[in-house]
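As given, the protein sequences belong to chains A and B, one line each in that order. Heads up: the first sequence is residues 1 to 513, going by my numbering. Heads up: the second sequence is residues 1 to 514, going by my numbering.
Quick caveat, the hints were computed from the structure, so don't treat them as lab data. Note that the structure is a prediction, hence the values are computed from the model and not measured. Be careful, since some hints might not be right.
[Claimed, not checked] 27 angstroms max Cα-Cα, derived DSSO-like pairs, lysine-lysine: (1) B:K507 to A:K430; (2) B:K237 to B:K431; (3) A:K109 to A:K150; (4) A:K427 to B:K289; (5) A:K291 to A:K273; (6) A:K430 to A:K472; (7) B:K274 to B:K289; (8) B:K431 to A:K506; (9) A:K472 to A:K291; (10) B:K46 to B:K95; (11) A:K372 to B:K274; (12) A:K101 to A:K87.
Take a look at the letters that make up each chain.
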Amino acid sequence: MSLPLSRSEVFGQLRKDLYDDEEFHQTDVHIFIIMGASGDLAKKKIYPTLWWLFRDGLLPEDTYFVGFARSDLTVDAIRAACLPHMKVGESEAERVDAFFKRNFYVSGKYDDDASFTKLHEYLLGLPSGSEANRLFYLALPPSVYHNVTKNIRNHCMATKGWNRVIVEKPFGHDLQSSEDLSNHLSSLFTEDQIYRIDHYLGKEMVQNLMVLRFGNRIFGPIWNRDSIASVVLTFKEPFGTQGRGGYFDEFGIIRDVMQNHLLQMLCLVAMEKPASTSSDDVRDEKVKVLKCISPLTLDNAVLGQYVGNPEGEGDAKLSYLDDPTVPKGSTTATFATAVIYVNNERWDGVPFILRCGKALNERKAEVRLQFKDVPGDIFGSQCRRNELVVRVQPNEAIYAKMMTKKPGVYFSPEETELDLTYGSRYKDVKLPDAYERLILDVFCGSQMHFVRSDELREAWRIFTPLLHQVEKEKTPPIKYTYGSRGPPEADELLQRVGFRYAGTYKWVEPHRL
Amino acid sequence: MASLPLSRSEVFGQLRKELYDDREFHQADTHTFIILGASGDLARKKIYPTLWWLFRDGLLPEETYFVGFARSNLTVEAIRSACLPYMKVADSESKQLSAFFSRNTYLSGKYGDAESFLKLGSHLDALPSGSEANRLFYLALPPSVYQDVTKNIRHHCITRKGWNRVIVEKPFGRDLQTSEELSIHLSSLFTEDQIYRIDHYLGKEMVQNLMVLRFGNRIFGPIWNRESIACVVLTFKEPFGTQGRGGYFDDFGIIRDVMQNHLLQMLSLVAMEKPASTSSDDVRDEKVKVLKSITPVSVSNVVLGQYVGDPEGKGDAKLGYLDDPTVPKGSCTPTFATAVLYVHNERWDGVPFVLRCGKALNERKAELRLQFTDVPGDIFNSQCRRNELVVRVQPDEAIYAKMMSKKPGVYFSPEETELDLTYRSRYRDVKLPDAYERLILDVFCGSQMHFVRSDELREAWRIFTPLLHHIEKEKTPPIPYTYGSRGPAEADQLMKQVGFRYEGTYKWVNPHAV
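Isolated chain A, as found in the complex (with noise of 0.2 angstroms):
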């Protein structure tokens, strides 16, 4: 099964995965709008990811790029300014061109009715573009949300085909903020018509966990609090701000990572099995999950901010207060770590451990379920604890820590581990970027990996408390080295909770043979 397919394989059955049993007819014309064409997300990301899209045939044949933006810009403009990012092989030159022969450009201006009405002309001087589906990707500023969500409402719909509003964080910065945006583009749209992108959704492994758990038997059993001693969600970048701390202090570690990414993955680790694969029965026990979550309180929260390491090199030198961007004195966090229980029948008393930082000592994203001691050991307190990890970068991998006899004349149990390295299992097969797979979701009407509105109002609703706490007492965060750990009152409070790191254990590179 995991034999490279020809592309032509590849697509049918990718069009056999995604498109059967839907409404969706291949031959429909679509127009994908960029809203904020000039900026760096549509550069570095929007741009490229359509270009991946296309290049590999898995986006609908008919489909038209048109880029809006205030600035005066042509296409080879934008083609220049995204190239660096598109990572275009020798051999696709003339591919290129059929791609940007299907871009368009528009400028004119955010709360201007009147540039709006000359894009829905645009829009329908395309070829069939009255019949096509409109895709609108807003890369833009938050603070022009509000008037580019309108005017596309009210000036640039289709008529005949369906409109579907992509849009990025920030969702707000507190309940009452996000509600308020919630409320906005509700007004306007339909859920059905808003897909909030959080990237973590689309990443592969966070992907596979509904399969993990609910495909397997062997699984079934043990993920509940009667196996399960603690579960920690970890995001880790070993890298400062440089120099991009400004933007970061307005929102801090906990709105950049935890409140999305990280209680997202652990939605998906704590749900109950859905009714079906279908994206609504899923967020609904999302939802679910959230809702048994209580507000987190200071006392089961670590909050850190680095500093520079002086035996470091070049930016480990640095601390976050270094950046020049950053006000002086801010007390914003550049790490956390949070402990939240959900308090349902299946985890009522199970620590979940959400972990997040920059400037530590290594990049890594991963969920790890540790398991209970064995009751009853007959090994003399020889074995450590089972733990499941889905390592989610780098290096994909699903292993499962556990016992075996130490091999040769012994019979003492020794740790090992049952092992799923992607690198090593799918050596062919390519991973595409999250932003790939959200953006063919979108196209396939698929808002499964896409953030409800009632899932980001019961997101907020956990940290706004602590949130507002930290900012009103200017909470000074704990410092900790730059390229560490992060702060040791993290790792004590992990182990308060009942997290047992042995430190015996090291991965073993298996041998190739």
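Got chain A sorted already, so can you dock chain B onto it with the hints?
Okay, now just chain B, sitting in the frame of chain A:
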């Protein structure tokens, strides 16, 4: 960390600690290892070589002497040259090899003759510290002389100061009655803790691992039962036939040769409850308890086969079992058997344990396979296959869990994959000792966990004797199957009928291929 190669002294140190700590074992004691039947095949091919490997690796107590005993008028030199081809001696080891053989002596005598054993007794006493030495008697003998030899050992050769242990090899009888007679005879001479019945499958790495896997891992506890397991399959397959040695085999047949001992032992280890401790008798108590819950196999739950030549095969593959000149004409002895057993207890009620074994099949393989039940309330439109946990005993020791994962890439459908632990890639530098090395070492240490106790043996025979008697009385003709095939199709049908599901969609992919 733990898989780094250790120096020999480290290995020795660690092993000593593990094996001998808290025991009444004194490394400095003198031991005498007596091989009865020293001129035979088993001694030459297996026992002497194993003793040499243990000696070479420094795993035996320092003062150990080896004494061969047989009818033939032999010398240590003659034994040495007979064994040498099987001993895998490296060029650099010639000095050690000489040291090994300088601790060897040989004595000839008659198995039925008290005089001969008196002589052996005096010989043992005369060795350095011989009268205080612990004595290990290895019976590498045909069953016909068992009674005499054991009696003579008991009366003339045991030490009063050290301990005495007797190692016996199969066959342990050929049915419940004969096995009981032998056991009663042995227990009239020796206590149970002096008797070490070898089933060499209990010396295999992965069989020994079953205890740790099951009882050292929290993840397996809640799923190791009838709620989660649909079927357990225990397999032993050989790719070759009897090749001119069918005369011996024909007396026993595949059920006695493999199923009643090796496969049933594995079944016990898979099915047993957690013992009170890892002490030998606590473990064997649990194994016996499993066997007690198994009713005798009925003919309707068995498929028997006998291989026939493959006209398109090469060499031996052209020959059927009955073509072996040493096999009696028209023999009905099965060379293949599949049997379904049920363990009638709270954990396993209704779960079929399928035991499969045979010669002249399509591959060499010994494995244990737990097939789990379907996921209840499927949400993936029947695209999921059943999970399986496989422990491969040979060749290429491995543990893997067949499971479903999202098809990598832009897909969302489930596809089969595995969580893998292949020993060769994970433990490349670790030498896995041979089953006999482990077992002989166990005898030195007095650990009986990996040996068959009298009551285990009795229960095993109780389960298979009615079937064996029935087919032997009725001369039930086995189903012919082609050399090199999977065995009779009826066997696969039986498995399917009791609930094993074979999809044929899964293919192992070596994740560690370069």
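Against the structure, the hints come out as follows:
1. B:K507 to A:K430: Holds - the C-alpha atoms of A:K430 and B:K507 are around 20 angstroms apart, at most 27 angstroms.
2. B:K237 to B:K431: holds, 24 angstroms
3. A:K109 to A:K150: holds, 13 angstroms
4. A:K427 to B:K289: violated, 47 angstroms
5. A:K291 to A:K273: holds, 16 angstroms
6. A:K430 to A:K472: Distance of about 47 angstroms is beyond 27 angstroms: violated.
7. B:K274 to B:K289: Within the cut-off at roughly 11 angstroms; holds.
8. B:K431 to A:K506: Holds. B:K431 to A:K506 sits at ~20 angstroms (cutoff 27 angstroms).
9. A:K472 to A:K291: Holds - the C-alpha atoms of A:K291 and A:K472 are around 26 angstroms apart, at most 27 angstroms.
10. B:K46 to B:K95: At roughly 21 angstroms apart (the allowed maximum being 27 angstroms), B:K95 and B:K46 satisfy the hint.
11. A:K372 to B:K274: Roughly 17 angstroms separates the two Cα atoms, so the pair holds.
12. A:K101 to A:K87: Holds: A:K101 and A:K87 sit about 18 angstroms apart, inside 27 angstroms.
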